[in-house]
Structure formats: structure tokens, C-alpha cells
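A.B. asks: Here are the chains, one letter per residue:
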Amino acid sequence: MTLFPSPRKPEHLTERPLFADDKKFAEAQITVFHWIMVVVFFFLATGYWSIQVADSEYYQELAHSNTVRSLPLPAARGRIVDREGRVIVDNLSSFSCLLSRERLKDENLPLIAQGLNLDLQDLQDRLHRFRKQARYVPVIIKEHLTPADVAFVESNRHADMFPEIELIHSVRRVYPKESFLAHVLGYVGEASEAELDRPEYAAFKPGDTIGKDGIERYYNDSLMGKDGQRVSLVNNRGKELQLLKNEEPTAGKPLKLTVDLDLQAVAELTLQGKRGAVVALDPRNGDVLAMVSRPAYDPNKFSTRISSADWKAILEDPETPMFNRALQSRLSPGSAIKPLVALAALEEGVISPDYSAQCSGHFFYVDHDFKCHARSGHGRIGLRYALAQSCDIFFYNVGLLLGIDKLSKWGEMAGLGRRTGIDLPGESTGDMPSRPWKMQKLRQGWLHGDMINVSIGQGYLTTTPLQLAHAIGGIASGGVWNPPHMVVGEATKEKPRVAKVNLDNVQRVIGGMYAVVNQGGTATEAWLPGIEVCGKTGTSQLISNETLKRRNLTGIVKDNAWFAGFAPRSNPEIVVAALIEGGEHGDRASIIARDVIKAYFDKKARAKPVVPVSVAAAVAPK
Amino acid sequence: MIIAVGRRTGISAVRSLRDLDWPLMLTALIIALMGGLQIYSATHGTKLESAWWKHMVNILVGIALMLIFSRVNYHTLLGQVPYLYGISLFLLAVTLLFGKKILGARRWLVVGGQSVQVSEFVKIVLILLVAWYLVELRTKRLELPDLFKLTGLLLIPFLLVRKQPDMGTALTFLPALAAGILLVGMRWQYVVAVCGVILVLLGAFWFFDAEGYQKDRILTFVDPGRDPQGKGYQVLQSRIAVGNGGLWGQGVTRGSQTQLRFLPIAPTDFIFSTFAEEHGFVGVIIALGLYYLLLVQIVQNGQTAPDRAGTIICIGVAATLLFHLLVNVGMVINRMPVVGIPLPLMSYGGTSTLSVFVMLGLVMNVRSQRLFS
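Here the protein sequences come in this chain order: A and B.
Residue 115 is where the first sequence starts when you use the numbering used here, and the numbers rise one by one after that.
Residue 30 is where the second sequence starts when you use the numbering used here, and the numbers rise one by one after that.
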């Protein structure tokens, strides 16, 4: 048979006439079909009977007050604890007010806004944002109700007043007071419309509370948990007639920070009233023990819905409290970078360990006078005292011998000019200049003058306090740079970097840094009894001296103070970088670092009390 | 004698208004007008307000088409089936490639500003195809090779429509085949085997349904509370609306569920839900009664048809309409899965209404030749 047999083939006509008179054809089958019809109609009619006649009261009641109510069961975010399990961020149970849009009468909206102290325009905008969601999905119009609000909702939510409002249990985020750890923790808030349009926020709905900054943002997915939902058919009194779906919320996972609350508290106190940042790392593993940035903001203001006035005040504050200086400020580190320059020069063999330079206080290169901070000069000076006294002329000479190519190689090794990969959002890269860098950014070749500036941490070189702590910590650990991280047990983005360095050279550099604190160097204030603190101060200019004079800004624009120190001298356990903006001289910053280091070793001593034998014998019971 | 004249001059000789199937036309017209009234009730005050008026226009055009097709000899049409079939496949392919995309599905071809759902007309071609194929059988019953060929012929448009995706309309291609098989008969072993194959296919479909879209609908059918936001929400609301109608109904334009817009897509697929709310069980029985009357008349025309082809066409049309009715009226009260197919003559939708009238035109043509065999 062909697929399309022609209907006019003669043999068909003979065998069985086309369009045959076949009145009896399929009579029985047609009867069967008729019966099928009857069954179908019967099936349908009984269905309508059972709904419209037998159960009609049930459906009429449902219809009367239609409808499906869906209440969100908010999931608690994971708690955030410090390295010893002490709670830093917790959840507080509270009430929120829901608005059911299905039952909303427009004339009630101003009254509800008034009763809950909400701005009517804000409320209308909010409802507008939810327009794309199914109407029976309620909108949270106020969170963390005050007792007065709760009373208002409770007494007015019945059918005769405002049937559209509803009270639900919810949780709010509680952060430490006084902006403690604010920049690290970040804050949570409702996903904004602009955010929801971005692909990385695709999984969220309007009204979802998400992490907006810091740890809350970086670890949002694991902290967030999953909201539950209770869907039911209710009558117009809000009484549940039938439960359709009950999905319990899944709480978010708790997070353990590497931060030590005791150290953090000391760091916060030392920076009180200043503008700057402190970062304390454990160079052995990259744990961030403390991180402070000042001025700060109060994340608690964000955990309830922040008013637009407060938000504006924070954003327009000239002190930029939202800015996490510890990892976002790109500033010249000044002399604090000298240990790296020294190590690079020794390792590259451009200077011998006994190399010395003559410092007269002035260094003329071509027609420019590059001064030393000690105007009368240091005389002939070797590496150790050049570091201790922070002699600039010594490092100009070393820098010119070293050259930018070798220095930038070591800078990159130490993690400058790129993100450390810390698990916090918004980290700045800083700048590690090099020939290609300058060509790309400024379309200019590298000059010796640039090299002179960079060799004392000025000019194009910028770092964040975190990068500086990371860089110095790696040098102090003999060329092992462990990427800094905030959370215990989370893999870091970067891998540890190990440089093959001559440990004798490292000891020479560390010796200089030891002298800075312990042998009459630039940071003798950082001296601690019984603890071998090593470090390097830095005082970085924002504007050149000439410009300061020209613009009459002397004394108004002050230098930034830096200190990067670690302890103990061998096998360091803590490295601290401190920055005070406008702190004028590095020794101011060294005091902060000293206090944090002292807190670390004090705590260690408390953990293992050393009791002298004689005292022990005296107090022992007889 | 009219019969004698007919015999001598051919079957298309006598044409008169008397020869029209007036009861059938009247029943269809009443149902269609009830649909118009219901569309008005369900849409007044919304942006679809003018839908009832368009429905009326559709009815007028439909009746015109019905009259035209009642005068086209169905044997002539049967002779053109291979071409009609080819054109159908071509148009379906064109729809898939260049069709207008609405809500993620490419079902409409835009011709001169009008959206046409090609698959609705393909349905008619396939009814003719089944008749054309089955009258050519040389065996007494339908044997396996023919069954496979016929099924294969239907499967191509079925898959094309399924790809749009429009599972509902694709399924409406099958009742005509089933009716045809019923009429010519098949060994019971084959019936068992075919049922088995269908079950296996269903199972495979269940496990390999890539979009999870159909599976979802079936699960929703089993438990409408499962996903109240999606399809389940429609069914729940629809059932509440139907139940709210009670015995006597809430009255035209007074159905609270209908008027409060709890029902999505009220004027199209869920028109019967709003009808049931506003007219109650009594209204439902009257409507179902009218549909029954319509189908019985079509079946009767099938019984009096001059030949096998006529019978198969009539019963094919009846089976197709019965399937529409069962699925649409059933899904409204959750007795059937939510498959988006319209209620014949009542749902708002131009192509669907026109295609029903064309089918009735075919039936009338079969009837007009009942005396000439």
C-alpha cells in the first residue's frame, strides 16, 4: 500500500464501491458511542451536582469570604559568632504587620498608614512594587512593630474595621551597639527593586530580607535560610477553614568568624574618635583577628526599615561612615613599605647586607631635591638603622639600584596591587606600579623620579590597611603569605603564596623592624615589656610639600599615620596594621597596634596562668 | 421525484433551505448566544469589555461558513485530503517558525491583522483524513499496518502542535481517530495492545517530561492544594465559583467570584465556571442538555449518512466535540486536568468558534445527502 492511495483506483471500486451505500454500517458501534456520550454527560452532571447542590454551602462560605490566604513564615538568619563561639549577631523575635491586597479597600489605606505611623506615599510605593505578584500574596507593610503598633493591629484587624491587616511573627537582626564590628558584619535590608533586576539576585522576591554589606552580604546564601509558607483557605473573619500547605521555615546556617571579640574590643577602643582603620591578622593562617574602620555606622538602624532621612544622613556624611577603610581605602603606605623594599633589594642581590649610604638630608636627582625627613641627615647609615630611623635617602639609593621591575615583582608576591581575596565585599585592589601599569594608566614611561617616590611608599604606590598587614605578615613569617579570611572553615579564594627567600635576609629586615620599636627607632612608644614587638612606621603625604605651601594648607591637610607591626620577633602570631587618617606621624598609629598586640598576649597569658612556684607553695592548702 | 432527480443529475443537484438541519443550527445558535451573554457578564467593566461583541461577529461569520460548507460536497473534500493534509503540515510548520508568541507559546499566525490558530482548522482536516483513510480499507477490520499508518499520519501534526506547546489542542486530534477505530472495528487483542502502548507512553512521558509542565498539571489535578499559586489556584477558585452558584445561580453579572476577578482567563477556558456560578446547577443542566441535543443530532446524522465516509465524519465531529466538552467542563470542577482547550461555541475565541461551525457545516452536508445513496 502506498501512503496516499488514490481514491479512484478501479480495483477499489470493484472490490468495494467507493461511497458505498452502507446504511447498516457500524450501527452497534454508534450505539456504543451514544452510550459513551451518556456516561460523559452523567459524569459531568454528577460533578456539578456534588459541588453546586450537595456541598454548595461549603463552597458558598468559601466564596463569601474567598479566599486563599498565604502567610509567610520567616526563616531566622544564621547567628554570627566569634572564634570562641560568643554571639555577635543574634535574632530577636518581633511582630510584623501584613496587608492582604485581595481585601484591600483603598479608602482604608490612609487610616492604616496613620495608625502605624507610616508615610502614605511610602506605603503606596511599596504596594506598587508588589504589583507583579499574585494578589493573594500579602505584603509586609511594617516590621518590628512597637507595642502600640501591635495593639493597633490587634484591635483593628477584624472584618468591620480593617480586614486587610494581619499580624505575623517575625525575627529581626540585632547587631552589637556602638557600631561594634559594623563594617565587617554589614547589615541586612529588603532587596530593592534595582537589586532584584540584577542576575545575581534572581532567586529573591520583593520583600525578601537580604545581606547588603559585609559578612551579611558575602555569606548571604548560607545565612539566609528559606522562608516557609502557610497557605490556607480562610473565611472573611480570617478563620482558617482548610489548610492547603504548611511549609516550615528552614533557619539559616550559623557562621563562626575568625574575629576574637576581646581583640576587636581593644581595637575599637583605640580608634575611638579617630578616622582610620586597624587590621589584626594571624600570619600563620590568615585568620582576621580584628578589623575596625572608623567612623562607623549603626547597622541596627538598617535592620528595621531605615527611614529615608537617616539613610540620606549616612550617605551624605563627609566622614563617609559606610566606607570600610580597612579594605577599601587606597592610600600611600609611606615608609611602612620599606621592609618590603629592603627584603627585595637583599634577595635580588642589588645590595649586600653591609651596604650603607650617606644621608645628608638631601638627595638631588637631576634637578630635584628629594629630602629625608631628618633635614640634617643621618650621616652614613646601614640597613638596620635606615629601617629604625626610617631614613629616606638610604631607600632612594636602594630603590634606584633595585628598579621598578624587581620591586613590582616582590610587591605582587606580597599581595600588593590586587585583592587579597578576603571574604568581604568591596575590597579595593590598591596599586602596585610597574612599567606596564604606568603605560596603561597614564600613557607614560617609567621615570627614575617615580622610582624614588615609590621606594619610600609614596607616589603611585597605594595599599589598603589589610594589604599592608598581609604583606608585612608574610615577610615576618619568612615569605609565606596566607590569604586573609573572616570565617572559620570556609575555603579562601586565593591560595597561600610561598616565596623562596634567604631567611638570613629576612632576619636582617626583621632586625631593622625590631630596632624601630626596641632600639630607639621611630616607634619606641610601641615597646612592650616581655614581648618582642617589631614594626615599621609610615607617614604618608597626601600632597607634596610645595603644593601645601602654595595653597596655604600647611597644618590643615595632615599626613596619614601608618604602622605595621608584629610579634613575637620569631614565628610571629599576630600582625597588625593601623592607619590614622591625618594622624601626622606613624608613631601615633604604633600605639594602636601596640594595644592590640598587648591585648593578644595578655589574653594568651590569662589562658595559661603562670604562677611562680613560691607563690603557689604559699597559697597551697596544707 | 427529488430522489430521482438527485440520482440523475448528481448528488449536488437539490439544494434548498428546507434541506438544512434547522434543529441542529438552532441548538448551536442558542449555545453560542448563551456563550455571548456569559462573555459579556464575565468581562463587562474590564479591558476585554468588547469581547462579547466580537463573539457575536464570530457567530455570524461562523454561520456563514457553516452554510458554505454545508453546500460543499464532502466527497469533493475527501478527494482533496492529501492536499489539505499537506497544507496543514506546512501551515503548522510556518506557525512554529514565524507564529506570534503569546505567553511562551507559538500558536497563532497573524494574517491581515487577525490572529489565526491554525491547529483548530487542522483538527477538521484530520477528521476528514480519518474518514478518507478508513473508507479505503481493504480489510474487514482495521489491521495493524493500517493502524500504524493512520496513527503515523496523525502523529505528525500532533507533535507539531505539541511543540508549540499546546498539548490541549494536540489531544483534540485523537478523538476522531478513536471514533474511527471504534466504527470500523479492531481485534480486541489489538485494543488491549494499543491500551498497553498508551500506558507505557504515558509512563515514559511522566518520567521524561522535560519541562515538568504537563506533569505539574496532572499533579495539580490530583491535588489542587498542591500549588495554589499556579494552575491549582485557578481550579480552586473555579470550583469555589461553581459551588457558589448553588442550585439557582447568582444571576447574570452577579456572580461574586466572577465579578471579583478571582477567576483568571474567565471568558476563555473558564467560561463555564462563570456560567455555573451565575446560572447555578439548573443552568448547568440546561447547558449540558443543549450540548447533548447537539451531539445527538450529529450522531443521528451519522446514522443516516449515505455512506461510511459520512458516518465516520459525523461521529468524528461528535467525538471531537464530546472530548472538548468533557475536558473543559470537567476541568472547571477538577474532574479533569487543566488542559487549555476551549468550550465549543461558548468560550471566547474566534478560531475555535469558526472551526466548530465549519464542523457543523460538514455534518449538515452529510445530512443533505442522506437520501441520495
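Quick caveat, the hints were computed from the structure, so don't treat them as lab data.
Please read all numbers here as calculations on a predicted model, not as lab measurements.
Do not rely on the hints blindly, as some may be mistaken.
Rough simulated footprint, nothing fancy, chain B against chain A, three-plus residues with beta-carbon under 8 Å [stated by the list, open to error]:
id, region
1, 141-147
2, 193-203
3, 319-332
Across the chosen pairs, the derived CB separations fall in these ranges [stated by the list, open to error]:
id, chain 1, residue 1, chain 2, residue 2, range
4, A, D236, B, L58, 42 to 48 Å
5, A, Q228, B, L231, 31 to 37 Å
6, B, W277, A, V152, 22 to 28 Å
7, B, W82, A, Q228, 44 to 50 Å
8, B, K130, A, Q228, 44 to 50 Å
9, A, L429, B, K130, 41 to 47 Å
10, B, L231, A, E314, 36 to 42 Å
11, A, A317, B, G108, 58 to 64 Å
12, A, V602, B, K130, 27 to 33 Å
13, B, L400, A, E171, 53 to 59 Å
14, A, V152, B, L231, 23 to 29 Å
15, B, L231, A, D335, 35 to 41 Å
16, A, D335, B, S144, 23 to 29 Å
17, B, W82, A, A317, 54 to 60 Å
Every residue gets a Cβ at the ideal spot worked out from N, C-alpha and C, and that includes glycine.
A.B. asks: Are any of the numbered hints broken by this structure? If so, which, sorted upward?
C.D. replies: 2, 3, 4, 5, 12, 16, 17
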